[in-house]
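**Q** Protein sequence lines correspond, in order, to chains A and B. Positions 1 to 384 (UniProt numbering) are the ones given, in order, by the first sequence. Positions 1 to 384 (UniProt numbering) are the ones given, in order, by the second sequence.
Please note: incorrect hints may appear among the correct ones.
One copy or two, either will do: identical chains are not told apart, so a pair holds if it fits within one copy or between any two.
[To be verified] Distance condition first, Cα-Cα at most 16 Å in a straight line; then the derived EDC-like pairs of lysine to aspartate or glutamate:
{"id": "1", "residue 1": "Lys186", "residue 2": "Glu261"}
{"id": "2", "residue 1": "Lys9", "residue 2": "Glu50"}
{"id": "3", "residue 1": "Lys186", "residue 2": "Glu255"}
{"id": "4", "residue 1": "Lys186", "residue 2": "Glu230"}
{"id": "5", "residue 1": "Lys374", "residue 2": "Asp337"}
{"id": "6", "residue 1": "Lys234", "residue 2": "Glu188"}
{"id": "7", "residue 1": "Lys303", "residue 2": "Glu363"}
In short, the hints are calculated from the structure, not lab data.
If you want the building blocks of each chain, they are given just below.
Protein chains: 2
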Amino acid sequence: MQFFSSKFKLGILGGGQLGKMLLYETRKWDIHTKVMDASPEAPCKISCNEFVQASLMDFDAVYNFGKDVDVLTIEIENVNVDALEKLENEGVKVYPPTKALRTIQNKATQKLFYTDHNIPTASFTRFAYTSEIEDSISNGGLQLPFVWKSAQFGYDGQGVKIVRTPEDLKDLPNVECIAEQLVDFKNELAVIVARNTVGEVNTYPVVEMEFHPEANQVEYVICPARIEDEVAQKAQQVALQVSKHMNHIGLLAVELFQTQEDEILVNEVAPRPHNSGHYSIEASYTNQFEQHIRAILGLPLGKTDSKVAGIMVNLVGSEGHTGNVIYENIETILKMDGVTPHIYGKKQTRPFRKMGHVTIVDENMARAREVAQKVKETINVVSN
Amino acid sequence: MQFFSSKFKLGILGGGQLGKMLLYETRKWDIHTKVMDASPEAPCKISCNEFVQASLMDFDAVYNFGKDVDVLTIEIENVNVDALEKLENEGVKVYPPTKALRTIQNKATQKLFYTDHNIPTASFTRFAYTSEIEDSISNGGLQLPFVWKSAQFGYDGQGVKIVRTPEDLKDLPNVECIAEQLVDFKNELAVIVARNTVGEVNTYPVVEMEFHPEANQVEYVICPARIEDEVAQKAQQVALQVSKHMNHIGLLAVELFQTQEDEILVNEVAPRPHNSGHYSIEASYTNQFEQHIRAILGLPLGKTDSKVAGIMVNLVGSEGHTGNVIYENIETILKMDGVTPHIYGKKQTRPFRKMGHVTIVDENMARAREVAQKVKETINVVSN
Numbered sequence: 001m002q003f004f005s006s007k008f009k010l011g012i013l014g015g016g017q018l019g020k021m022l023l024y025e026t027r028k029w030d031i032h033t034k035v036m037d038a039s040p041e042a043p044c045k046i047s048c049n050e051f052v053q054a055s056l057m058d059f060d061a062v063y064n065f066g067k068d069v070d071v072l073t074i075e076i077e078n079v080n081v082d083a084l085e086k087l088e089n090e091g092v093k094v095y096p097p098t099k100a101l102r103t104i105q106n107k108a109t110q111k112l113f114y115t116d117h118n119i120p121t122a123s124f125t126r127f128a129y130t131s132e133i134e135d136s137i138s139n140g141g142l143q144l145p146f147v148w149k150s151a152q153f154g155y156d157g158q159g160v161k162i163v164r165t166p167e168d169l170k171d172l173p174n175v176e177c178i179a180e181q182l183v184d185f186k187n188e189l190a191v192i193v194a195r196n197t198v199g200e201v202n203t204y205p206v207v208e209m210e211f212h213p214e215a216n217q218v219e220y221v222i223c224p225a226r227i228e229d230e231v232a233q234k235a236q237q238v239a240l241q242v243s244k245h246m247n248h249i250g251l252l253a254v255e256l257f258q259t260q261e262d263e264i265l266v267n268e269v270a271p272r273p274h275n276s277g278h279y280s281i282e283a284s285y286t287n288q289f290e291q292h293i294r295a296i297l298g299l300p301l302g303k304t305d306s307k308v309a310g311i312m313v314n315l316v317g318s319e320g321h322t323g324n325v326i327y328e329n330i331e332t333i334l335k336m337d338g339v340t341p342h343i344y345g346k347k348q349t350r351p352f353r354k355m356g357h358v359t360i361v362d363e364n365m366a367r368a369r370e371v372a373q374k375v376k377e378t379i380n381v382v383s384n
Numbered sequence: 001m002q003f004f005s006s007k008f009k010l011g012i013l014g015g016g017q018l019g020k021m022l023l024y025e026t027r028k029w030d031i032h033t034k035v036m037d038a039s040p041e042a043p044c045k046i047s048c049n050e051f052v053q054a055s056l057m058d059f060d061a062v063y064n065f066g067k068d069v070d071v072l073t074i075e076i077e078n079v080n081v082d083a084l085e086k087l088e089n090e091g092v093k094v095y096p097p098t099k100a101l102r103t104i105q106n107k108a109t110q111k112l113f114y115t116d117h118n119i120p121t122a123s124f125t126r127f128a129y130t131s132e133i134e135d136s137i138s139n140g141g142l143q144l145p146f147v148w149k150s151a152q153f154g155y156d157g158q159g160v161k162i163v164r165t166p167e168d169l170k171d172l173p174n175v176e177c178i179a180e181q182l183v184d185f186k187n188e189l190a191v192i193v194a195r196n197t198v199g200e201v202n203t204y205p206v207v208e209m210e211f212h213p214e215a216n217q218v219e220y221v222i223c224p225a226r227i228e229d230e231v232a233q234k235a236q237q238v239a240l241q242v243s244k245h246m247n248h249i250g251l252l253a254v255e256l257f258q259t260q261e262d263e264i265l266v267n268e269v270a271p272r273p274h275n276s277g278h279y280s281i282e283a284s285y286t287n288q289f290e291q292h293i294r295a296i297l298g299l300p301l302g303k304t305d306s307k308v309a310g311i312m313v314n315l316v317g318s319e320g321h322t323g324n325v326i327y328e329n330i331e332t333i334l335k336m337d338g339v340t341p342h343i344y345g346k347k348q349t350r351p352f353r354k355m356g357h358v359t360i361v362d363e364n365m366a367r368a369r370e371v372a373q374k375v376k377e378t379i380n381v382v383s384n
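Please take these sequences and the hints and turn them into a complete structure.
**A** So, in C-alpha cells, the structure goes:
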C-alpha cells in the first residue's frame with residue numbers, strides 16, 4: 001500500500017495530546033488522517049485532514065467514523081470496542097486489535113490474563129462489586145492494606161485507591177473491581193514494546209519513574225533507568241512476554257514494579273504511545289509516535305536506542321488554579337541547555353490536569369537530572 | 001508577551017515545506033498561526049490556525065494579511081517587501097526586518113553590501129541589463145568564464161548560469177544581473193546564524209555540501225563539515241560578520257566557499273530556515289525551525305550543538321517523471337538505522353522538484369555517510 005501518497009487514510013480515535021503528537025509524524029510523512037474527539041477544542045483539531053466531533057463511547061459514531069479508513073488506531077483506551085469489533089470484522093485494520101483492547105480495558109480481565117500466561121504480577125482478588133470487599137475482609141479472605149482498582153476505565157490514577165482501613169472503602173463506587181496486594185517496590189519502571197503487523201518486535205530501553213520523596217507523585221521519567229543491567233534485561237523480557245501473548249500490534253507500554261528483591265512485576269499496560277515514552281521525541285533515534293505509525297502500517301520498525309540521556313517532567317496544573325492557562329517562567333527554562341517544552345494546547349487549566357511536558361536531554365545523565373530539577377523548580381502552570 | 005496562550009498570533013508568508021516544518025514547532029508550543037500561500041494545495045494548509053490563499057507578491061494581499069498578526073515572518077524571500085515595510089511602519093514586528101530583506105532580495109545589492117562591509121566574497125560586476133555584458137567582454141572589462149546571476153528572484157539554482165563562451169549568454173533574460181568570478185573551491189560550506197530580537201547570537205556548526213563527482217549536483221549536506229577546525233572557525237566568524245552588519249533577526253543561512261587556499265568567501269545568504277539546516281531536526285539539540293521561532297519571538301536561543309552526526313539527502317523528482325508522486329523503495333530505507341524521511345506533501349512530481357528530504361543520523365560520521373549513500377542509491381521519486 002502507498003501510505004506516502006493520497007490513497008491511504010488513517011483514523012485516530014481521540015484528539016488529545018497523544019493524538020496531537022502522532023500528528024507531528026503523519027504530517028512529516030504526509031499521511032492522510034481523520035480524527036474523532038468529543039471536544040470541539042481538541043488539540044488535534046488542526047493538523048489532521050478531517051475532524052469529527054463525537055463521543056468515543058458512542059457505537060454509531062465510532063462505527064460510522066471508521067467505515068472509510070484503511071487503518072484505525074486509538075490514543076485512549078476508553079472507546080466503544082463493540083463498534084471497533086464490527087469494523088474489524090468488516091475488514092478495517094484496527095490496531096491495537098480489539099481482542100487485546102478488551103483484555104486491557106477491564107483491569108480484572110487484564111490481571112487474569114497475566115495469571116493465565118504466567119506473567120509475574122502482584123496477587124489480587126476480583127470482586128463483582130466493591131460492597132463484597134468488606135465481607136471478604138471480615139472473613140479473613142483479604143488482608144489490609146491493599147490497592148483497590150475499578151475494573152473499568154481507570155485512567156491517569158483515576159479509579160485507584162490505597163485502602164488501609166475499612167473506612168477507606170466508604171467513598172468508593174460500588175462497581176466491578178480488584179483488590180491488589182500493595183507492592184513494596186524499589187523502583188517503578190516502564191518498557192515500551194513495538195510490534196508491527198508482520199510480527200517484527202523491538203523494545204525501547206527501560207525507563208524509571210522517580211518519585212517526589214514526600215508527595216509520592218512521579219516527578220521524572222528517566223531514560224535509561226539507573227538500574228542494574230540484569231534487572232533491565234529482566235524487565236524487557238517480561239514486557240516482551242506480555243506483548244507476545246497479547247498479540248498486540250502498535251505500541252504497548254508496560255508499567256512494571258521492581259521489588260525490593262529485584263523481582264519484576266507487571267503493574268498495567270497501555271496499547272498506545274504513552275507518557276513514559278515522551279522523552280523519545282528528543283532523545284531516541286525513532287520517537288514512540290513515529291514507531292507506532294511504523295508498526296500499525298506494517299513498516300519496518302525504527303532503531304529504539306537513545307542518542308542522549310532523556311528526562312521528562314510533566315506539566316500539570318498547579319493546585320488552587322482553575323481558568324485560562326499561563327505557563328509561568330517558561331522563558332526561564334528555555335535558557336537552560338537541552339530543554340524542550342511541549343504545550344498540549346488545552347486552554348483551561350485545573351489542579352493536576354496534564355497541560356504539557358518538558359523534555360531535558362544531555363549526553364551526561366547526571367547533568368540532565370540537575371537541569372530537570374531546575375526545570376521542575378522553575379515552571380508553574382497557573383491561571384490568570 | 002504570552003506566546004504560549006491564545007492572545008498571540010504569528011503570521012507566516014509562504015506555505016511550502018519550510019513553513020510546514022515551522023508549523024511542527026508552532027504546534028509543539030501551541031502558538032496561533034496564520035499562513036498565506038498562492039496554492040490551494042500548499043503543504044501548510046493544515047496545521048495552521050488560519051490559511052489565506054493569495055499571491056505573496058500582491059501588495060494588498062500581503063498588507064491585509066499582516067495587519068492583525070503580532071509577528072510576521074517568511075519562509076521564502078520572494079514576497080512583496082513594500083507591503084512588509086508599510087506593516088513594519090505601522091508597528092507589526094516583521095522578521096527578517098525589511099531592510100535586511102531588501103538587501104538580500106537583490107543579488108547585486110547583496111554583493112555590494114559584502115563589499116561595503118569588507119566581507120570576503122568573489123569579485124563581481126553589476127550590469128543593468130544582460131545585454132551590456134557582451135560589450136564588457138569585447139572591451140576587455142570582463143573575462144570568461146564567469147557566473148551570471150539574475151539580480152532578482154533567483155531561487156534554488158534558477159537565475160544562475162556559468163558562462164564559458166559568449167554563446168552561453170544567448171538564452172539569458174535581459175535583466176539586471178551580476179557577472180561573478182568563478183570560484184575554484186575546495187568545499188561548499190554553510191553556517192546558520194540565529195539572532196533574536198534582543199541581540200543574542202548563536203551559530204550552528206559548519207555544514208558541508210558534498211557534490212556528486214560527475215553530475216556537479218549537491219548530494220549530501222553533512223554536519224559537522226569534515227574540515228579543519230581553523231577553517232570552521234573562520235567560516236563561523238565570517239557568517240557572524242554578515243549577521244552583525246545586516247542586523248538581521250531570525251535565522252540567517254550563510255552559504256560559503258572554501259577556496260583551494262582555505263580562504264572563506266560568502267556566496268549568498270537566506271534570511272530564514274534553510275535546506276542546509278534540515279539535518280538539525282534529528283541531529284541538533286535545538287532544530288533550526290524551533291530556533292527561528294525562539295529568535296523572532298525574543299525567546300532565549302537554544303543550544304546549537306549536535307547530539308549525533310547528521311547527513312541530509314534531498315528527495316527530488318527523477319528525470320522523465322511528471323505526475324502523481326510515488327516514493328519508490330521508501331520502505332527499504334526505513335529498514336536502515338537512523339533514517340528519517342520527510343515527505344513535503346506535494347502531490348505532483350516533476351524532474352528536480354524538491355519533494356522531501358531524508359536525514360541520516362549516527363553517533364559515527366563514517367557510518368552515517370555509508371548509510372546516506374545507500375539511501376541515495378535506493379530511493380526514487382517517480383510518477384505512476
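**Q** Would you mind marking each hint as holding or not holding in the structure?
**A** Hint-by-hint comparison with the structure:
Within a single copy, Lys186 and Glu261 get their C-alpha atoms as close as 8 Å, which meets the 16 Å cut-off; across copies the closest is 62 Å, which misses it. For the identical chains of this complex, Lys9 and Glu50 are intra-copy neighbours only, at 10 Å inside a copy versus 24 Å across copies, given an alpha-carbon limit of 16 Å. In this assembly of identical chains, the alpha carbons of Lys186 and Glu255 lie at most 16 Å apart only when taken from the same copy (14 Å versus 54 Å across copies). For the identical chains of this complex, Lys186 and Glu230 are intra-copy neighbours only, at 15 Å inside a copy versus 51 Å across copies, given an alpha-carbon limit of 16 Å.
Proximity of Lys374 to Asp337 under the C-alpha cut-off of 16 Å is restricted to the intra-copy arrangement: shortest distance 11 Å within a copy versus 34 Å between copies. In this assembly of identical chains, Lys234 and Glu188 lie within 16 Å of each other by CA distance solely inside one copy; the values are 14 Å within and 50 Å between copies. For a Cα distance limit of 16 Å, the shortest separation of Lys303 from Glu363 across copies, 13 Å, qualifies, whereas the shortest one inside one copy, 18 Å, does not.
Hint compliance for this structure: every hint is met.
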